[in-house]
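2 protein chains.
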Amino acid sequence: MHEVHAYAGKILRVNLSNGRISTEPTMKYAGKFLGGRGINQWILYNEVGPGIWPFDPANRLIFGTGVLVGTLAPGACRCTIDSKNVLTGGVGSSNMGGHFAPELKYAGYDHVVIHGRSLKPVYLWIDNGKVEIRDASDIWGKTTWETDDLIRDELEDHDIQVASIGQAGENLVRAACIITNGERAAGRCGLGAVMGSKNLKAVAVRGDREITVAHPDEFFELVSELRSNMIRVANEKTPDDVRCGTLLILERNNNTGGNTVRNFQDAYWDPEKVKKVCAEEILKNYALRKMGCFGCPLPCSFYLNVAQGEFAGTRGEGFKADSHKDFGPKLDVDYLPAIIKAHVLCSQYGLDVDSTSGVIAWAFECYEKGIFTKEDTDGLELEWGNYHAVLELIRKIAFREGVGDLLAEGSKRASKIVGRGSDRFSINIKGHELYESIWTAKAWALGCIVSTRGCDHLRGSPTCENAGITPEEGERFFGVPTAGDRRAYEGKAKLVVYFENFKGVVDCMNICYYMTQWKNIYFIGPEELAKLYTAATGRETTAAELMKIGERIQNLERAFNAREGLGRKDDMPPARFFEPIKSGPAKGERLEREKFERMLDEYYELRGWDVRTGNPTQAKLRELGIE
Amino acid sequence: MHEVHAYAGKILRVNLSNGRISTEPTMKYAGKFLGGRGINQWILYNEVGPGIWPFDPANRLIFGTGVLVGTLAPGACRCTIDSKNVLTGGVGSSNMGGHFAPELKYAGYDHVVIHGRSLKPVYLWIDNGKVEIRDASDIWGKTTWETDDLIRDELEDHDIQVASIGQAGENLVRAACIITNGERAAGRCGLGAVMGSKNLKAVAVRGDREITVAHPDEFFELVSELRSNMIRVANEKTPDDVRCGTLLILERNNNTGGNTVRNFQDAYWDPEKVKKVCAEEILKNYALRKMGCFGCPLPCSFYLNVAQGEFAGTRGEGFKADSHKDFGPKLDVDYLPAIIKAHVLCSQYGLDVDSTSGVIAWAFECYEKGIFTKEDTDGLELEWGNYHAVLELIRKIAFREGVGDLLAEGSKRASKIVGRGSDRFSINIKGHELYESIWTAKAWALGCIVSTRGCDHLRGSPTCENAGITPEEGERFFGVPTAGDRRAYEGKAKLVVYFENFKGVVDCMNICYYMTQWKNIYFIGPEELAKLYTAATGRETTAAELMKIGERIQNLERAFNAREGLGRKDDMPPARFFEPIKSGPAKGERLEREKFERMLDEYYELRGWDVRTGNPTQAKLRELGIE
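Residue numbers (my numbering), protein chains in the order written: chain V, 1 to 627; chain X, 1 to 627.
By construction, these hints were calculated from the structure, which means they are not laboratory data.
Check each hint, because a few of them may be wrong.
[Said to hold, decoys possible] Only pairs whose alpha carbons sit at most 30 Å apart, straight line, appear in this in silico DSSO-like list of lysine-lysine:
1) Lys-416(V) - Lys-32(X)
2) Lys-595(X) - Lys-32(X)
3) Lys-369(V) - Lys-120(X)
4) Lys-620(V) - Lys-548(X)
5) Lys-237(X) - Lys-32(X)
6) Lys-416(V) - Lys-120(X)
[To be verified] Some chain X residues judged to face chain V by a derived CB distance under 10 Å, without partners named:
7) Asn-18
8) Pro-54
9) Asp-127
10) Lys-130
The structure presented is a predicted model; accordingly, all values stated were derived computationally and were not measured.
Built from N, CA and C at the ideal position, the CB exists for glycine as well.
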């Protein structure tokens, strides 16, 4: 029986242009970049130069598991997918849960690097050590759900794992994502469109090799303790979160000025509307059961079912805070079945909910401000809350039909085409549509704004600023006493640096990020990761060493962006966030431009980068061994 | 019976993403941009912004006939195709002869704008006023020659005109071109790859409408006089050129230090080798008959046949100076059947001979300098003159097989991937492989270097510098007494400005450029174009007005490039041309850096551009009405 080692794995390379398949050991890169996102990004940096555009055959699409993936470590299920970013032209990186990554690891591969572009639609079939490029002509044009079924039928195995694109990816829609298990999305950066440009419909995997860790007893003991502790503490301290997953976020955001109402025109939504769509409503009327990813001790997803009304028969899972807010307050829709339907359509067509709702919200605001009339929207009335129009636009975007062809370019590019000041309504950073509100919590805002992949809170943004963390806890965890004070600018740059580095390590291990910060009680911090790593690989390491690797990855990604011409000028929030919030409990709060700029200076200084350009210096890259 | 007017034509728009087909009148644009390249570029500038990459669905591929196309004007046959440039990221523009453009005009269309990207391979069928997107699944994977036959068979009409891509375009090879009539190529800028990225295999056209000119008698008289004069003078003054077409250029270049030997390592080729491949050899042993494009009074092409030896059975036409030099001296091949074979393969696979031979020559020099060994080249021995290796590499590039996958990226990008100083052997400007020698003739060099589409002599480079033009003639034709002195830098910037503007107008009329400058006796200059235009359209114009439009187009293209980040820094020759020629009659000649820079300053000044950045000023664009 073949065995798979947690550390010394294999990289599979598949060139779709000429069918060439080869492997190389991860050990070439593991010392400096661990695995997962780290190795992905190193390959990307070295092999995809600045003259290469996202849809060029020479672009790479890189799937990466991680050091702990497939082991008993909590939530060790993530798959990081990296490529050139279809929206920003810089680093593209996204991460999905489910069961795909462990299966890939069990098949014997830590990474799959897709080169080139097939002449006809294909899918990749990885059957343990056997790799085959198979015809996908008959699957082309299908949803991700149909694709899953058709491939499992064809291969006569319904336990295999499939990551696929829907029609959006085939049509090179910039919001296209990659989906596994029906609803787990590597959502952001338009990676589904990269996959579509390569005529690659899916990657299917069967793996049944055993995974080996270096010190099994020690590892098992560590993992058992972490798991039981997490479950116990979470149930004691945050039973509502255990029960509701991420669905409480909408309400909580509304109470702290963090909502995204009508394309971010306000941070506070009508409480009556909140009540209509809140977590309790979902649990009471739509949730059939809890669901989780591979190896999760605290599952956060629900299988939803709409039993009645216009959308009766709509079913699906993976519905979390983002879909909830994206298709609820952001578009002023307070009818839950329509919000669920929008989520399910995105899963089926393979659309990122954040970018898709972002460009739709842009179109709605253009309509509100008179830039669009019904003549521009194929006759649709884009009035806030008109969910029929929302659902129709999702379809039109996926198929590039009518106005959907324009919206498929994303709000930044669409606003350049449309002109007439419509760019003011494109709420993006570096061309990437913003999901989150960034008026109030300053580290959260900074983390979103400097994020190498455009914008988002899953890199440097901490959740602690609104969660009642004390100054003592802030000092103890991060060396930042103001960590729990959303109004403070002080210390926030340091907090962002900490979380960016930490998240870099998490993405190399590829355990679920939520395992590390369940309601800000850090179950798995750098120390725990170092112990897990040492037990799994047999290579001694420390928290400090890991955080250095996180820093290296951050610098590498930023250097990639710099090579593409991105820099400080692109680390800017949309103008809307310098204006005060209009209503609600955080009314009047806003980002102050001067303080923000100083925080940004401080961030670059802490990073050791050029404050003027926002780019890593040669000295810093040399220090990190990636000059 | 429908009629087609030389002036007030139609633009056909086809969106392959969603099947939407529409038309609009050319009159919207004709006042400022005439037609052909002018209108193409205006559409490109307005609809393809800087966030759009060449293979994005939002990129456009624009076919343009021209004001005089399809009329009796000499050589009124050209089709200009414009898009974002796959090699430079700036303006992409290429121009092909044959019979396609007149047929398109007779079908009732002056321009065809392709939007979007089909989900499956298709071809476009324009049957007079009827337009259809048809399945091309069975044609995908075929050569351009096979495609032509298959489509004509399918449509049961062997008189229709087809423009198609071969396997190179399907594989998004950066050197891919668009081919019509078997060998007429819109060669440069990688437009075949753009077409491939849209899954568009071909455009097929049938047109049998009558074309109407405004003043038929006057037009007929003008045209008759021009034609008979051209034929008479050409036969009297340059009978050898009438007989040999462009095939004398290789020998003449060799005698003036303008050859491209072994990837431009020398400008002079062994005269014994020249003798083996010279024009007389071709005419004596391979040419079956003369061939020409639509409406040509002085055809320059031959149908060639290799009757004996290893390549017996190789047949084709469209073989001109570029194929001759590209696969002869540039690769040190002195065996004519192999040179002809290389040309024919490029036509079949749909590869631009200049860029393809350029990247192959780069690989050969890398091999010579020890950067490549047989391990890097799939076992091929890339020794100068090894034509078997050349032919094998052409195939490998078209199919992205083995090392061909690297070479398919073009020499600039390939050299970045390979590193180790290999960029010194990439003879490109702005990423576009150079076809021509630029050591000696200064206006020729400057015209190539500042060319908006990367490099080439078909924009601002005059042929007069080596052709014995007297100072009086130079002064009379262009206001440049030094026009016939290749060593002079003085006046050359002015000469380039003149020819860039003039060529802009020619490409709007889309008569063949060679009609205008047959051996430097300018049969059709701005005055003649103004007369033809007035007679054809009924709109009075003057030479000066037309040249202003040429200037407008040049500024527009340059503004497009500026928006993509191109500028003065990219108006630089490869370092090789600052080093002296090693041997032959021009031994020791070179571009002198300081004098070149001064000439460049002068060029920008004459253009009214910013000398520091090389970009058009707002004032200049405003003056031209394109701010």
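Here's how the hints hold up against the structure:
| no. | hint | result |
| --- | --- | --- |
| 1 | Lys-416(V) - Lys-32(X) | holds (23 Å) |
| 2 | Lys-595(X) - Lys-32(X) | violated (36 Å) |
| 3 | Lys-369(V) - Lys-120(X) | violated (38 Å) |
| 4 | Lys-620(V) - Lys-548(X) | violated (52 Å) |
| 5 | Lys-237(X) - Lys-32(X) | violated (38 Å) |
| 6 | Lys-416(V) - Lys-120(X) | holds (29 Å) |
| 7 | Asn-18 | holds (5 Å) |
| 8 | Pro-54 | holds (7 Å) |
| 9 | Asp-127 | violated (25 Å) |
| 10 | Lys-130 | violated (23 Å) |
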